[in-house]
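Put together the whole structure using the sequences plus the hints.
There are 2 protein chains.
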Amino acid sequence: MQIMFRYNWLVREEWYRWCEDVPEEELLRIRTGGVGGILHTLFHIIDVEWSWIRSLQGKSDFQEGFDSYNSLEKVRNLDAAFRLEVQPFVHSWDVGMETRPFYDPQPDGKMAVDAWGEVMRHIIAHEIHHIGQLSVWAREVGKKPVSANVIGKDLIRPKLLS
Amino acid sequence: MQIMFRYNWLVREEWYRWCEDVPEEELLRIRTGGVGGILHTLFHIIDVEWSWIRSLQGKSDFQEGFDSYNSLEKVRNLDAAFRLEVQPFVHSWDVGMETRPFYDPQPDGKMAVDAWGEVMRHIIAHEIHHIGQLSVWAREVGKKPVSANVIGKDLIRPKLLS
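Quick note, the sequences are listed as chains A and B, same order. Numbering-wise, the first sequence is residues 1 to 162 according to the working numbering. Numbering-wise, the second sequence is residues 1 to 162 according to the working numbering.
No lab work stands behind these hints: they were computed from the structure. Incorrect hints may appear among the rest.
Which copy is meant is left open, so a pair is good if it fits within one copy or across any two.
[To be verified] The calculated DSS-like cross-link candidates involving lysine-lysine, where the alpha carbons are at most 30 Å apart (straight line), are: (1) K159 <-> K59; (2) K159 <-> K144; (3) K143 <-> K110; (4) K153 <-> K110; (5) K110 <-> K59; (6) K153 <-> K59; (7) K159 <-> K110; (8) K74 <-> K143; (9) K74 <-> K153; (10) K159 <-> K143; (11) K144 <-> K59; (12) K74 <-> K110; (13) K153 <-> K143; (14) K110 <-> K144; (15) K74 <-> K59.
This is the structure we're talking about:
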């Protein structure tokens with residue numbers, strides 16, 4: 001589980017660096033699909049990651065809108081602040097937590113029950129999906145997107161045969 | 001590992017159904033980003049999945065181009081044919097395979113060594129990333145994209161507290 005969070009954090013950091021060379025109006029421009037913009041997407045990714053991990057722990061989630069975080073610096077600072085809580089939770093993950101129930105009241109009054117392992121994979125896939133959207137918008141800006149490769153990031157050390 | 005392959009196969013099937021209601025010219029239209037089109041992306045996803053899993057097994061990979069598979073039916077048939085080989089491999093996965101080395105000769109003559117666990121996660125993330133691109137293009141077509149939610153697909157059964 002930790003491996004894919006690490007992957008996402010590495011790729012996210014590369015996107016922040018990618019954003020440094022792009023005019024802010026391009027980062028804020030309203031676009032087709034997803035949540036509708038590059039910086040808004042990065043904000044949405046960190047919001048969703050933190051909110052789910054807060055919810056698993058029975059804590060309140062994040063209720064603020066993008067309007068209060070509409071610059072690269074503000075998004076990075078929010079990410080750094082949230083990471084202080086997200087990272088220890090991810091690092092403490094063990095397989096015994098996979099099937100723990102998360103009770104999620106639905107708007108229709110019913111109670112959905114998800115496994116914690118589903119929630120964690122949801123957070124991971126959620127980010128990768130939205131990063132895919134950024135890769136399309138990057139080409140609209142005329143700039144090569146960040147690579148999404150998992151391979152080549154030293155995420156797992158292969159055990160060499162002797 | 002199996003959970004996220006299952007997720008991807010479920011989402012992929014939903015995209016095939018999504019494509020059924022879209023004129024073929026929209027599915028084939030050249031678009032900005034990724035491999036440049038909706039059906040081409042689905043072809044690319046199944047090509048990459050199969051090719052990596054063939055490579056891990058020391059078998060030859062897939063060398064054909066999209067030109068031979070440029071209809072929804074042909075892509076679905078190719079997927080079904082590949083699945084016969086991909087699925088048993090995924091189902092046979094166990095943690096002991098995570099750090100097995102995969103030797104990958106590079107164009108510059110060097111030898112890269114990846115862990116099998118990295119390759120498998122690469123296949124998973126590769127699909128989710130490209131599906132994110134489809135979700136943008138879906139809006140260009142004017143049609144709601146398939147949900148990327150991991151939650152709600154019964155991928156893990158929560159263990160209810162007694």
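Can you name, in rising order, the numbers of the hints this structure does not satisfy? 2, 10, 11 and 12
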